[in-house]
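*Asks:* Sequence:
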Amino acid sequence: EVVLEAVKQDGRALMYASEELKADKEVVLEAVKQDGRALKDATIELKADKEIVLEAVKQDGNALKCSSQEIKADKEVVLEAVKQNGRALEYASEELKADKEVVLEAVKQDWRAL
Numbered sequence: 001e002v003v004l005e006a007v008k009q010d011g012r013a014l015m016y017a018s019e020e021l022k023a024d025k026e027v028v029l030e031a032v033k034q035d036g037r038a039l040k041d042a043t044i045e046l047k048a049d050k051e052i053v054l055e056a057v058k059q060d061g062n063a064l065k066c067s068s069q070e071i072k073a074d075k076e077v078v079l080e081a082v083k084q085n086g087r088a089l090e091y092a093s094e095e096l097k098a099d100k101e102v103v104l105e106a107v108k109q110d111w112r113a114l
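Residue numbers for the sequence shown follow my numbering, so the first one is 1 and each next one is one higher.
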């Protein structure tokens with residue numbers, strides 16, 4: 001309860017949570033909603049959870065960097081990431097780096113994405 005409230009205030013508080021809480025989907029979801037960078041402190045399993053990563057990249061596109069390879073190849077997630085930060089394109093799978101729609105969204109957000 002205390003940790004849940006803490007991450008609602010500051011998502012980065014997840015770094016101080018126990019391993020058990022870093023594996024708790026509810027806690028991690030609240031953390032990444034508040035600060036997408038909190039994804040780096042989640043467990044490997046949650047870094048591969050589409051719902052968690054989608055919330056993280058909506059808040060900070062660069063959170064894509066911390067996600068699983070599978071998620072980096074998920075077009076829906078990558079599109080959200082590059083809409084938030086065009087430079088997140090660098091963390092996408094090679095296939096999506098060559099996807100016209102994804103690249104266009106990235107460049108719309110930040111011309112330096114290329």
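Because the hints were derived from the structure by calculation, they are not lab data. Heads up, the beta-carbon is just placed ideally off N, CA and C, and yes, glycines get one too. There's no promise every hint is true.
[Stated by the list, open to error] Cβ pair distances, simulated, as ranges:
#1 K25 - K65: 19 to 29 Å
#2 V2 - V107: 25 to 35 Å
#3 L4 - K108: 16 to 26 Å
#4 E95 - T43: 18 to 28 Å
*Asks:* Run every hint past the structure and note whether it holds.
*Replies:* We went through each hint and held it up to the structure:
1. The hinted window of 19 to 29 Å between K25 and K65 holds, with their beta carbons roughly 21 Å apart.
2. Look at V2 against V107: about 43 Å separates their beta carbons, and that is not inside 25 to 35 Å.
3. Against the hinted window of 16 to 26 Å, the Cβ-Cβ separation of L4 and K108 comes to about 36 Å, which falls outside the hint.
4. Checking the proposed 18 to 28 Å range against E95 and T43 shows it holds: the Cβ atoms sit about 26 Å from each other.
Comparing the model with each numbered hint stated earlier shows that hints 2, 3 do not hold.
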